[in-house]
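Trainee: Spelled out, the chains give:
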Amino acid sequence: MINIIWFFMIFIGFFLSFLNGSTDAVTNAAMKGGAAAVELTIGLMGIICIWCGVMKIAEKSGLTDIIGKILTPFLKLIFPGIPSGHPAMSAIIMNMASNMLGLSNAATPFGIKAMEELQKINANKDKATNSMVMFLVINSACLQLIPATIISLRAAAGSKNPSEIIFTTIMSTVIAAAVGFISCKLLEKSYE
Amino acid sequence: MAAIIKQFTIYTVPFIILGVLIFGYLKGVKLYEVFVEGAMEGFNISIKILPYLVTMLFAIAILRESGALNLITAACAPALKLLGIPPEVLPLVLMKPMSGSGSLGITAEIIQKYGPDSLIGRIASTMMGSTETIFYTMAVYYGAIGIKKMRHTLISAILAHGAGVIASCIICRMVFGS
Numbered sequence: 001m002i003n004i005i006w007f008f009m010i011f012i013g014f015f016l017s018f019l020n021g022s023t024d025a026v027t028n029a030a031m032k033g034g035a036a037a038v039e040l041t042i043g044l045m046g047i048i049c050i051w052c053g054v055m056k057i058a059e060k061s062g063l064t065d066i067i068g069k070i071l072t073p074f075l076k077l078i079f080p081g082i083p084s085g086h087p088a089m090s091a092i093i094m095n096m097a098s099n100m101l102g103l104s105n106a107a108t109p110f111g112i113k114a115m116e117e118l119q120k121i122n123a124n125k126d127k128a129t130n131s132m133v134m135f136l137v138i139n140s141a142c143l144q145l146i147p148a149t150i151i152s153l154r155a156a157a158g159s160k161n162p163s164e165i166i167f168t169t170i171m172s173t174v175i176a177a178a179v180g181f182i183s184c185k186l187l188e189k190s191y192e
Numbered sequence: 001m002a003a004i005i006k007q008f009t010i011y012t013v014p015f016i017i018l019g020v021l022i023f024g025y026l027k028g029v030k031l032y033e034v035f036v037e038g039a040m041e042g043f044n045i046s047i048k049i050l051p052y053l054v055t056m057l058f059a060i061a062i063l064r065e066s067g068a069l070n071l072i073t074a075a076c077a078p079a080l081k082l083l084g085i086p087p088e089v090l091p092l093v094l095m096k097p098m099s100g101s102g103s104l105g106i107t108a109e110i111i112q113k114y115g116p117d118s119l120i121g122r123i124a125s126t127m128m129g130s131t132e133t134i135f136y137t138m139a140v141y142y143g144a145i146g147i148k149k150m151r152h153t154l155i156s157a158i159l160a161h162g163a164g165v166i167a168s169c170i171i172c173r174m175v176f177g178s
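Chains as they are written, first to last, in the UniProt record's numbering: chain A, 1 to 192; chain B, 1 to 178.
FYI, nobody ran anything at the bench for these hints, they're computed from the structure. Any given hint might turn out to be false.
With a Cα cut of at most 30 Å, we get these calculated DSSO-like pairs of lysine-lysine [said to hold, decoys possible]:
(1) B/K30 with A/K125
(2) A/K160 with B/K81
(3) A/K60 with B/K113
(4) A/K185 with B/K149
(5) A/K69 with A/K113
(6) B/K149 with A/K189
(7) A/K125 with A/K185
(8) B/K27 with A/K113
(9) A/K113 with B/K113
(10) B/K113 with A/K127
(11) A/K113 with A/K185
(12) A/K76 with A/K125
(13) B/K30 with A/K113
(14) B/K148 with A/K69
(15) B/K148 with A/K127
(16) B/K148 with A/K76
(17) B/K148 with A/K189
(18) B/K148 with A/K185
(19) A/K113 with B/K48
(20) A/K76 with A/K60
(21) B/K27 with A/K69
(22) A/K76 with A/K185
(23) B/K148 with A/K113
(24) A/K32 with A/K160
(25) A/K32 with B/K48
(26) B/K148 with A/K120
(27) B/K148 with B/K48
(28) B/K48 with A/K120
(29) A/K76 with B/K149
(30) B/K113 with A/K32
(31) B/K149 with A/K125
(32) A/K76 with A/K120
(33) B/K113 with A/K120
(34) A/K32 with A/K76
(35) A/K160 with B/K149
(36) B/K48 with A/K60
(37) B/K30 with A/K60
(38) A/K69 with A/K120
All chains, please: the whole structure from these sequences, using the hints.
Mentor: Put into structure tokens, the structure is as follows:
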């Protein structure tokens, strides 16, 4: 899917540039886009390191386990298909904890682990289970407590209060997750 | 209300960092060493996302500089106005489900162009944190275990994304005023 989208982005862009005679400028911008990506990554590296450092302390001190225990009853509610104490649950908790700290790239390994565990209790190996769909949809609504990357972006751009968007982000992410949850529950019977 | 929320957000980050450090200290964690260890992982993550970022920003630059993104935005603008979504953030709305790093690039650009403390800048910042990259997550997670029948995944994820987008606009207008 992303292959087709990526191809068409480039295809439509270059095709349009041939039509309006801006090919030179477009080629230049494309090359600069690559350079901008490197600058952006370097700029973000510091903040990502800081949050990963904080996360590591939370993990080593057992704080993430405590958060996990608090979250388990909620997760049982969201994922009734997963048996108690199943390893899928702890992977899901770690994935959500990483997402909550805004470290979506740290969350991916846990997400894959959770999917592998869910696949073990899947009867039909090429069809997604209700729990898998729910996990992916909740994941795509990414409950986030600290959008660290955005805060650093805002700070870099000279915002007076870079973290002021934390509250608005939590509110909209909760609404997105709620809509995802409800639509999953409503649709799971019609997409057997 | 807005003043309380502003105060709350100023103290959230220091509170979380201090809380984690104090808890770690009480539990006898070697704070300095463990932080360095985590920072090293963060460094590796940054290096890993770099190629994805280059791949997406390269394509976005072509799409944008050619005027294609403007055409799409202009075509969708009337429908978005009805939903209360400012046309300036449309590139982000369209990109977010496709690529996290790509939408990060767009957010950076919006923030630079309109200012981080403008309503547009705040809406873009909020939107960026409120949903994830649907196509990427689906490709990676389902790809890892060989799922082919995704059932209602895409519909539900897009509904959640749409709700997050509309909610971002409404909530930002309420909290920060228009």
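Trainee: Does each hint fit the structure? Answer for all of them.
Mentor: Hint check results:
no.	hint	result
1	B/K30 with A/K125	violated (44 Å)
2	A/K160 with B/K81	holds (29 Å)
3	A/K60 with B/K113	violated (41 Å)
4	A/K185 with B/K149	holds (18 Å)
5	A/K69 with A/K113	holds (19 Å)
6	B/K149 with A/K189	holds (15 Å)
7	A/K125 with A/K185	holds (21 Å)
8	B/K27 with A/K113	holds (28 Å)
9	A/K113 with B/K113	violated (40 Å)
10	B/K113 with A/K127	violated (44 Å)
11	A/K113 with A/K185	holds (24 Å)
12	A/K76 with A/K125	holds (23 Å)
13	B/K30 with A/K113	holds (28 Å)
14	B/K148 with A/K69	violated (33 Å)
15	B/K148 with A/K127	holds (6 Å)
16	B/K148 with A/K76	holds (26 Å)
17	B/K148 with A/K189	holds (18 Å)
18	B/K148 with A/K185	holds (21 Å)
19	A/K113 with B/K48	holds (19 Å)
20	A/K76 with A/K60	holds (25 Å)
21	B/K27 with A/K69	holds (18 Å)
22	A/K76 with A/K185	holds (14 Å)
23	B/K148 with A/K113	holds (18 Å)
24	A/K32 with A/K160	holds (29 Å)
25	A/K32 with B/K48	holds (20 Å)
26	B/K148 with A/K120	holds (16 Å)
27	B/K148 with B/K48	holds (27 Å)
28	B/K48 with A/K120	holds (29 Å)
29	A/K76 with B/K149	holds (25 Å)
30	B/K113 with A/K32	holds (17 Å)
31	B/K149 with A/K125	holds (9 Å)
32	A/K76 with A/K120	holds (18 Å)
33	B/K113 with A/K120	violated (48 Å)
34	A/K32 with A/K76	violated (48 Å)
35	A/K160 with B/K149	violated (47 Å)
36	B/K48 with A/K60	holds (24 Å)
37	B/K30 with A/K60	holds (9 Å)
38	A/K69 with A/K120	holds (23 Å)
Consistency with the previously given hints fails for numbers 1, 3, 9, 10, 14, 33, 34, 35, ordered from lowest to highest.
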